[in-house]
Amino acid sequence: MKILAFDSSGLVASVAIVENNNLIAEYTTNYKKTHSQTLLPMLEEIVKMTETDKESFDALAVAAGPGSFTGLRIGSATVKGLALAWNIPVIAVPTLEGLAYNVWGTDRLICPIMDARRKQVYTGLYSFNSDDRLETIMDQTPMDIADLIDQLNERGEKVIFVGDGIDVYADVLKEKMTADYAFAPAHMNKQRAGSVAAAARVRYAAGQYEEGDTFAPEYLRQSQAERERAEKEKLENDGHE
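Just so we're aligned: 96 in our numbering is position 81 of the sequence shown, and the numbers increase by one with no gaps anywhere.
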């Protein structure tokens, strides 16, 4: 089975080709360019370098959210367009599940954290069982970083953090964490399309895929513009009461 995978859910843009259990190629950047500038050129380059027929893919995999609203929209539009053009299914992988696959096989509790601003993170809790299957301990959700720290300290398990939230919240984690913890190293702590593809293979085998025209990203909360508009409308409505 050949999967073309994308992750544009955060600052990182990543594209990968995985065939069965073999990572053919992966192109990942974490630089100051928009995903609209990078994603399709990365796809073209990776297909060219591997001499891959674009219509040889069996499925598309994508980090389906949460994350950057703009990044998710760009990734979603790209995947939907390709799925419809090539008539192949989409495997939607929760962003934080994809991050958890970065540290496959660890015996620690995995805690992906993505910066959601306003002292919040998108987070979830995962672990690998004795059969090396990823188990979801806590579904992905937006949460105050202070509440997350309290929960992890209460659990008292060894934790490994992955995700761009490490860059933002390392100091507060170092100060407040009493449970044993570690930060994933640089080659593991950001989104990777190869990890999305690894999660996608498991989901595909379980029948968890859909057609391109029904796929939609999972934002988990409103965008900043939507929140500001709702607050403005509430103030206006309150003023007319």
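Just so you know, these hints were derived from the structure itself, not from any lab. Beta carbons are placed, not taken as given, at the ideal position from N, Cα and C, and that holds for glycine. Treat the hints with care, as some may be off.
Below 30 Å or equal to it, Euclidean Cα-Cα: the simulated DSSO-like pairs (lysine-lysine) are [unchecked claim]:
| # | residue 1 | residue 2 |
| --- | --- | --- |
| 1 | 17 | 63 |
| 2 | 48 | 69 |
| 3 | 47 | 69 |
| 4 | 95 | 173 |
| 5 | 63 | 48 |
| 6 | 95 | 69 |
| 7 | 95 | 63 |
| 8 | 134 | 191 |
| 9 | 48 | 17 |
| 10 | 189 | 134 |
| 11 | 173 | 134 |
| 12 | 95 | 48 |
| 13 | 134 | 47 |
| 14 | 173 | 47 |
| 15 | 17 | 95 |
| 16 | 63 | 47 |
| 17 | 173 | 191 |
| 18 | 134 | 48 |
| 19 | 189 | 173 |
| 20 | 47 | 95 |
The following label-pair restraints were derived from C-beta to C-beta distances [as the list claims (entries may be wrong)]:
| # | residue 1 | residue 2 | range |
| --- | --- | --- | --- |
| 21 | 71 | 92 | 20 to 30 Å |
| 22 | 156 | 194 | 18 to 28 Å |
| 23 | 35 | 64 | 32 to 42 Å |
| 24 | 60 | 190 | 34 to 44 Å |
| 25 | 66 | 145 | 16 to 26 Å |
| 26 | 201 | 151 | 38 to 48 Å |
| 27 | 47 | 134 | 38 to 48 Å |
| 28 | 186 | 45 | 18 to 28 Å |
| 29 | 64 | 222 | 45 to 55 Å |
Tested hints:
1. Restraint check for residue 17 and residue 63: satisfied, since their Cα atoms lie roughly 16 Å apart, inside the 30 Å limit.
2. A C-alpha spacing of about 25 Å is found between residue 48 and residue 69, which places the hinted pair at or below 30 Å, so the restraint holds.
3. A threshold of 30 Å between alpha carbons decides the hint, and for residue 47 with residue 69 the separation of about 28 Å falls inside it, so the pair holds.
4. At roughly 39 Å between alpha-carbon atoms, residue 95 and residue 173 are farther apart than 30 Å, so this suggested pair is violated.
5. Among the hinted pairs, residue 63 with residue 48 is consistent with the structure: their alpha-carbon atoms are about 22 Å apart, no more than 30 Å.
6. Straight-line distance between C-alpha atoms of residue 95 and residue 69 comes to about 15 Å, which keeps the hinted pair within the 30 Å bound.
7. Simply put, residue 95 and residue 63 have alpha-carbon atoms about 21 Å apart, close enough for the 30 Å limit, and the pair holds.
8. Proposed proximity of residue 134 and residue 191 is supported: the alpha carbons are some 14 Å apart, at most 30 Å.
9. Restraint check for residue 48 and residue 17: the C-alpha separation of about 28 Å stays at or below 30 Å, so the hint holds.
10. Pair hint residue 189 plus residue 134 holds up; C-alpha atoms about 16 Å apart against a cutoff of 30 Å.
11. Of the pairs offered as hints, the one joining residue 173 and residue 134 holds, with about 23 Å between alpha carbons and a cut-off of 30 Å not exceeded.
12. At most 30 Å may separate the alpha-carbon atoms for a hinted pair to count; residue 95 and residue 48 meet this at roughly 22 Å.
13. A hinted pair counts as satisfied when its Cα atoms are at most 30 Å apart, and residue 134 with residue 47 qualifies at roughly 23 Å.
14. Distance restraint check for residue 173 and residue 47: the Cα-Cα separation of roughly 34 Å exceeds the 30 Å cut-off, and the hinted pair is therefore not satisfied.
15. Between residue 17 and residue 95 the alpha-carbon distance is near 17 Å, which keeps this suggested pair within the 30 Å criterion.
16. With a C-alpha separation of about 24 Å, the suggested pairing of residue 63 with residue 47 holds against the 30 Å cut-off.
17. Restraint check for residue 173 and residue 191: the C-alpha separation of about 15 Å stays at or below 30 Å, so the hint holds.
18. Distance hint between residue 134 and residue 48 is fulfilled; the C-alpha atoms sit about 25 Å from each other, no more than 30 Å.
19. Restraint check for residue 189 and residue 173: the C-alpha separation of about 14 Å stays at or below 30 Å, so the hint holds.
20. With a C-alpha separation of about 25 Å, the suggested pairing of residue 47 with residue 95 holds against the 30 Å cut-off.
21. Taken as a hint, the range 20 to 30 Å holds for the pair residue 71 and residue 92, whose Cβ atoms sit roughly 22 Å apart.
22. For residue 156 and residue 194, the Cβ-Cβ distance of about 19 Å falls inside the hinted range of 18 to 28 Å, so the restraint holds.
23. As the Cβ distance of residue 35 to residue 64 is approximately 20 Å, the hint placing it in 32 to 42 Å is violated.
24. Here the CB-CB span from residue 60 to residue 190 is close to 42 Å, well matched to the stated 34 to 44 Å.
25. With their beta carbons about 40 Å apart, residue 66 and residue 145 fall outside the hinted range of 16 to 26 Å.
26. In this structure the hint that residue 201 and residue 151 lie 38 to 48 Å apart at CB is violated, the actual value being about 26 Å.
27. Hint check: residue 47 to residue 134, Cβ distance near 24 Å, so the stated range 38 to 48 Å is violated.
28. At roughly 21 Å, the beta-carbon separation of residue 186 and residue 45 lies within the given 18 to 28 Å, and the hint holds.
29. Look at residue 64 against residue 222: about 32 Å separates their beta carbons, and that is not inside 45 to 55 Å.
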